[in-house]
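Peer 1: The listed protein sequences correspond, in order, to chains A and B.
Note that the working numbering numbers the first sequence so that position 98 is 98, with each residue one more than the last.
Note that the working numbering numbers the second sequence so that position 65 is 317, with each residue one more than the last.
By construction, these hints were calculated from the structure, which means they are not laboratory data.
None of these values were measured; they are calculated from a predicted model.
All residues carry an ideal CB built from backbone N, CA and C; glycine is no exception.
The reader is advised that the hints may include incorrect statements.
Said to hold, decoys possible - Residues from chain A shown here face chain B by an in silico Cβ test under 10 angstroms; the list is partial:
| no. | residue |
| --- | --- |
| 1 | Arg47 |
| 2 | Ile57 |
| 3 | Ile91 |
| 4 | Phe93 |
| 5 | Asn97 |
| 6 | Pro146 |
| 7 | Ser150 |
| 8 | Ala164 |
The chain contents come next:
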Amino acid sequence: MTAVEVHGVHKWYGTHRVLDGVDLTVQPGQVAVVLGPSGSGKSTLLRTINHLERPDIGHVSVNGELIGVRRHGERLKELSEQVILAQRRRIGFVFQNFNLFPHLSVVENVVAAPVATGLTSAAEARRVALALLERVGLGDKADAYPRQLSGGQQQRVAIARALALQPGVILFDEPTSALDPELVGEVLAVIRDLAGGGTTLIVVTHEIGFAREVADLVVFLDGGRIVEQGTPAQVLDNPQHPRTREFLSKVL
Amino acid sequence: MTGPVPAVPTAHRPSSDAVPPQSDPRPLSAQRVIPLRHPGRWLLTVVVVVLVAQFVHGLATNPFYQWHRFAYWFARPVIIRGLWITLQVTALSAVLGLAGGILLALGRLSRSPILRAVCWTYVWLFRSVPLIVVLLILYNFGALYSNLSLGVPFGPAFVHVGESALATDLVVATVGLSLSEAAYASEVVRAGLLSVDQGQHEAAAALGLPKRYQFTRIVLPQALRAIVPAYVNQLIGLIKGTSLVFYVSLLDLFGEVQSMGSTYPGDVVPLLLVATTWYVILTSVVSVAQYYVERYYSRGALRTVPPTPLQRLRSSIRNLRNLRNRIEIGAVTG
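Produce the complete structure using the sequences and hints provided.
Peer 2: The structure is reproduced here in C-alpha cells:
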C-alpha cells in the first residue's frame with residue numbers, strides 16, 4: 001500500500017489554474033522533496049494532501065484512505081468536517097510561518113491536539129510532549145511562550161507539535177523559508193533525523209543540498225504540473241526537462 | 253546633579269584628540285551628557301497646577317454644591333435601591349448582550365448567505381434606532397402583541413404566555429438594552445475574531461482539533477485581546493445608558509435621583525452629584541477590572557507581562573529604599 005497517492009488533481013482559484021492534473025505516488029517511509037519556482041503550485045499540492053484545500057477534480061489518498069471524500073457509487077462525495085478533522089490527525093503539517101499558538105506555552109502547544117482529541121490523558125500527553133521537545137533539542141523551553149523563542153526554535157516546536165499525534169505522514173511547507181540563514185541548519189537537522197525513521201515525509205523546500213542528501217524522490221513542479229520526478233541523481237544531476245535545467249541553474 | 257561641563261573640541265585644536273581638554277582630565281567619552289532643559293514645560297506645568305487648584309478650591313467652598321446634603325443623600329436606602337437596579341440591569345444586559353453579540357458575529361462570519369444577511373440586518377436595524385425608542389416600543393409591546401406563544405411556526409402553539417404577565421419593568425428594560433447591546437457587541441466581537449491570524453485557523457484545522465475546541469481554546473482567547481478593550485468601552489456606555497430605563501418607569505440610580513429631586517427641589521444639585529459619584533465609582537471598578545483582564549489575555553503576546561500597579565508600587569518603594577541605603581553608605585564612606 002502506498003503512503004500518499006495523488007490522482008489527477010486539478011485546482012482553480014477563480015479562473016487561475018493552480019494545479020493542472022497532478023499525479024504523485026510516495027511509498028511508505030520515503031522522503032519526497034518537491035521543488036519548483038514560486039507560484040508553481042507546490043504549497044497548494046501539499047495542502048490538498050491534508051484537505052486544507054479541496055481539489056476541484058481528482059482525489060488524494062493517504063495510507064489507502066481517501067482524504068476529504070468518500071466513494072458514492074461512481075461519484076466522490078465530500079465528507080463531514082468532523083471526519084476530515086479526524087483524518088488530518090493522521091497527517092502532520094508544518095507551516096512556513098510555524099503558526100504556533102502564541103497564547104499557549106511551548107508544552108501546551110504540543111499537548112493541545114492529543115488532549116483535545118482524547119488520544120491520551122493529560123499526564124501522558126505531557127510526558128510524551130517533554131520527550132519530543134527533548135528530541136528536537138528544546139527540553140529546557142517547555143514553559144516558554146513561542147514569541148520568546150527564535151524562529152528556528154519555534155519551527156522545531158511546530159515539528160514536535162506535529163509529531164505529538166504520531167502521524168504516519170508529515171507534510172512540510174517550506175519549513176525553513178522564514179528563517180535566518182544561520183537557523184536553517186537546526187531545523188533541517190531535525191527533519192533529517194525524522195527521515196529514515198519510518199515516517200513518510202513530503203517536503204516543499206528550496207534547499208537543494210538538503211534534497212540531494214535526504215530525498216528518495218525529487219519532484220519538480222512548474223505551472224501546476226509535475227514536469228519531472230525521480231531520484232536526486234536523476235533530477236538534480238541529470239535533469240531532462242529544459243524548465244528543470246533552467247530552474248536548477250538559477251538556484252544552484 | 254550634573255557633572256562638570258564637557259569640553260568640546262574646537263577647530264583650531266589638533267585633530268589627533270590625544271590632548272585631553274584642560275578643564276577635565278577625563279576623555280569626552282567617559283563623561284555624562286548634560287540633558288536638555290525644558291523651561292517652557294515648567295511654565296506650562298505651573299499654569300495648569302494653579303488652574304486645578306482654583307477649581308478644587310471652588311468645589312470645596314462654593315455653597316451651591318451643598319456638600320452636607322450630598323453626604324446626607326449619598327448612601328440613603330432609596331439611592332442604594334436605585335443603584336441596585338442599575339447594577340442588575342447593567343449586569344444582565346451586559347451578559348445577554350455579549351452572548352447575543354457572539355452569536356451575531358458568528359452568524360455574520362458564517363458561510364450561509366441567509367444567516368449572514370439576517371445578522372447584518374439585525375445589526376443595521378438596532379444600530380439605527382435610538383435606544384430610548386427601542387425601550388418605549390418594548391414598553392408598549394402589549395398593544396402590538398398581546399400574548400407570546402411557543403410552537404410550530406404558522407402552526408399550533410404549545411405554550412401561551414400573556415405578554416403583560418411577562419413584561420415587568422425590569423424585563424422590558426433588560427430586553428431593550430440587551431437587544432441594542434447585542435448589535436454593538438457583535439461588531440466588537442467580529443472585529444476581534446477577524447484580528448486573529450488566518451494561520452491560527454489553519455494550524456488548528458491541520459492538527460484536527462475539534463471545531464468547538466478551535467473556537468473556545470485557540471481563536472477566542474486570541475480574539476479577546478482585541479475584544480476586551482473595545483467591549484469595556486461598550487460596557488461603560490451601557491452603565492450610563494441604563495439611566496434611560498427611567499423612561500420605562502424603572503427607578504434606577506438616575507430614576508431615584510430624579511424623583512427625589514422633584515420631591516426636594518432644593519437638593520437637585522447634591523443629588524446629581526451623588527449620581528455622578530456613583531457612576532464614576534462603577535466605571536472605575538470596571539476600568540480596574542479591565543486592566544487585569546487585558547493583562548491576562550496578553551499572555552504570550554508580549555515577551556514579558558507588564559507589572560500590575562501594585563507590583564510597580566512595591567518595586568518603586570524598594571528602589572527608594574535602595575537609593576537611601578546607597579546615600580547612607582556614601583555618607584559613611586565619603
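Peer 1: With reference to the structure, classify each hint as holding or not holding.
Peer 2: Against the structure, the hints come out as follows:
Interface restraint check: arginine 47 of chain A against chain B, minimum CB-CB distance 9 angstroms, threshold 10 angstroms, status holds. Against a cut-off of 10 angstroms between C-beta atoms, the interface hint on isoleucine 57 of chain A is violated, since the closest Cβ of chain B lies about 22 angstroms away. At about 8 angstroms, the closest approach between the beta carbon of isoleucine 91 of chain A and any beta carbon in chain B falls short of 10 angstroms, and the interface hint on this residue holds. The beta carbon of phenylalanine 93 of chain A comes within 4 angstroms of a beta carbon in chain B, closer than 10 angstroms, and the hint placing it at the interface holds.
Interface restraint check: asparagine 97 of chain A against chain B, minimum CB-CB distance 6 angstroms, threshold 10 angstroms, status holds. A distance limit of 10 angstroms between C-beta atoms decides the matter here; for proline 146 of chain A the minimum to chain B is near 7 angstroms, and the interface restraint holds. About 12 angstroms separates the beta-carbon of serine 150 of chain A from the nearest beta-carbon of chain B, more than 10 angstroms, and the hint is not met. The criterion of a C-beta within 10 angstroms of any C-beta in chain B is met by alanine 164 of chain A, whose closest approach is roughly 9 angstroms, and the hint holds.
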